[in-house]
Amino acid sequence: MSSTVMTPPQFLAGFDEAAFDACASGEASFICTRREKAFNDYGMIPNPTSRDEEYRRTDPMLFRMGRYARMPTIATGRLQKTRRWDEAFDVVVSITDHRLGLSEDLPAGVTVCSLNDAATSHPELMEGYFMGAASPEEGRKFLELNNAFWNAGLFIHVARGVVLEKGILIHYDVEAEHAALLPRLLVIGEEQSQFSIIEDYQSSHETPFLCCSAREFYAHAGAQVKLVTLQEWGPSVVHIAEDWARVDRDAMVDLVSLSLGGKTSKMTVGCTVCEPQANAYLGGLYFANDKQHFDQKTLQLHAAPDTFSKMLYKGAAKDKGYSVYQGIIQATHGSIGVDAYQTNNNLILDKGARADSLPGLIINADELACSHGATMGNLDPEQLHYLRTRGIDEVEARKILVLGFFEEVVQRVPHAPIQERLHDMIERKLGDTDE
Amino acid sequence: MNKELIICDLHVSIDGSPILKGVNLDIKPGEVHALMGPNGSGKSTLSSVLMGHPAYEVTKGSITFGGEDLLDLAPEERARLGMFLAFQYPVAIPGVNVSKFLKSAADAIHPDGKVNATDFLKDLRANMAYLEMDAAFANRGLNEGFSGGEKKRMEILQMLTLKPHLAIMDETDSGLDIDALRVVSKGVNKLMDEPFSLLVITHYERILEYLKPKFLHILMDGRVVLSGGPELVKQLEEKGYDWVKEAAAKQQSAAV
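Just so you know, the protein sequences line up as chains X and B, in that order. Going by my numbering, the residue at position 284 of the first sequence is 284; the numbering climbs one at a time, nothing skipped. Going by my numbering, the residue at position 14 of the second sequence is 14; the numbering climbs one at a time, nothing skipped.
Chain X on its own, in the form it takes in the complex (with noise of 0.2 Å):
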């Protein structure tokens, strides 16, 4: 035994040793194990404090831990509750408090299952990606939070060559109050396979909860993998995520996050493009109102020669609604042949209101074409006056502007319906006052 002193471990209020022996129970060893080697890490990672340059605009304090408890690790079960637009889509999947919800029937060559169902069923399809290389970052306390402690684990994988026409539609239902929902999606498109998911977090008014989610995409050669995030949590939950992507040679991944609801949410979006011609998008809608908090980071990590990416954040902040954005574009050296876009616009339509961007680039390779970019103010008052001249007053032209500048995001989500719903969001949060 070394003598050395070990620093001793630190836990989140809430999610101890004692909550993380309550956790584990009946898994597949496959799965304990990982749990228990994520709680470890957890533990070793010190809780961040406003004092990390991370949590410098988001201070921890803001996500109130110690008020969540971690819900069950829900059970699977049939698709119960159905939306309208559920038909529009191949495969819809229902989280709420106690059950996973699946439709019946999945088309040829999908696999959508919880994690625990794919670790007994399919260990093959998910040994060597379930916490695996898509997230290259250490020191990711609530990434690793969320390895250790998820409850409602989900899996998909597309087999390579198939196409899913109308896509997979995950809606998140959350009605238990001071409860903590850690969701784990493990994505995985193989060659060829084309396909879109949409994930749809709501939940009933007024109900404060903490939600830590961690996914995982992989998109293998040429594949083509769709995901949009539609935040629309109750005004007082916490939301926090870590998304990692790794794309393979002529692949494509398009990761759309669209943030609305909740009171504090921090999101990183980490996209590797690890082979020639791989390709990813990043786009990202934010509205902060009242005293709504997004802090969101996103970075493009360029790990081989011709790859692209091409990052898109808008967002609007009003009232004393505050939103922060961090971006990073890496090249590792000897990427030459890399094309990188990183453009942040904010619209800030109150004096109380405040948006901060960070654009930022680090190369370590000659022959790239990068570019960022950010962009800060109210709306144009030439444009607002345009309208008026036709007749538009003041508060209706105002609106359409707003919906304007979040158009080229609104348009990278593939169904109409979620579109109109978009609009109607922003329209309402435009029509809120705090006064």
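Be a bit skeptical, because a hint or two may be false.
[To be verified] As a list, the in silico DSS-like pairs of lysine-lysine whose alpha-carbon atoms are at most 27 Å apart:
| id | chain 1 | residue 1 | chain 2 | residue 2 |
| --- | --- | --- | --- | --- |
| 1 | B | K100 | B | K114 |
| 2 | B | K28 | B | K122 |
| 3 | B | K186 | B | K28 |
| 4 | X | K166 | X | K263 |
| 5 | X | K320 | X | K429 |
| 6 | B | K100 | X | K429 |
| 7 | B | K186 | X | K399 |
| 8 | B | K103 | X | K429 |
| 9 | B | K239 | X | K399 |
| 10 | X | K297 | X | K351 |
| 11 | X | K429 | B | K114 |
| 12 | X | K399 | B | K163 |
| 13 | X | K399 | B | K103 |
| 14 | X | K399 | B | K60 |
| 15 | B | K28 | B | K60 |
I should point out that these hints are in silico values taken from the structure, not numbers from a laboratory.
Using the hints, position chain B against chain X.
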């Protein structure tokens, strides 16, 4: 309804410096007027003030349209009275779909607050065809990536959609090639079927050949210094603005 525009002793400043120094102009329903004048004489200021641009301050004088005092009205209220400005430099508004925007404008202008969607689309297609515009423009962002000529056509398309009682065209012909000028003029002339008055601001004779104004005014240093009939254009083309100063002096002394 008598939609007469009366501008009386209008003084306008921007950032404290006076631009218009006593403009008088009277446009009766059905009349076509042209306004010419050297660069910097205040032509665009006049068109901006007529539509209520917030950067301009009216320090003296009045503007009424159909008896209503325009200076008390917001731009949208002026538009609802039947006024329209075709901008010299129309702004681009990316992400705002042309067809949806035009529907919002048509709804706003309509006395019932809403136009029939089917009729609207039918009219829009017909107007676009009339202006020789590709139907695909209806689904693009407003003026997003449009050429100069396409933007000007889009202004006229809006004019045809909103059917104003009075339109002001601020150098709509600048930068247009001969074909585009013909199409734009054709579009404006279509409105002449109804009672419609027009103020054309221009530097060039050619658009006036299409639009045939009965009245021509010359603005210099913030005042209308000379008014007359279409024959003034020829004289102006031949003799330039120096001649106007002399002619204006003569006209004034004759009046005294």
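Hint by hint, where does the structure go against what was stated? Just the numbers, ascending. Numbers 2, 4, 7, 9 and 14, in rising order.
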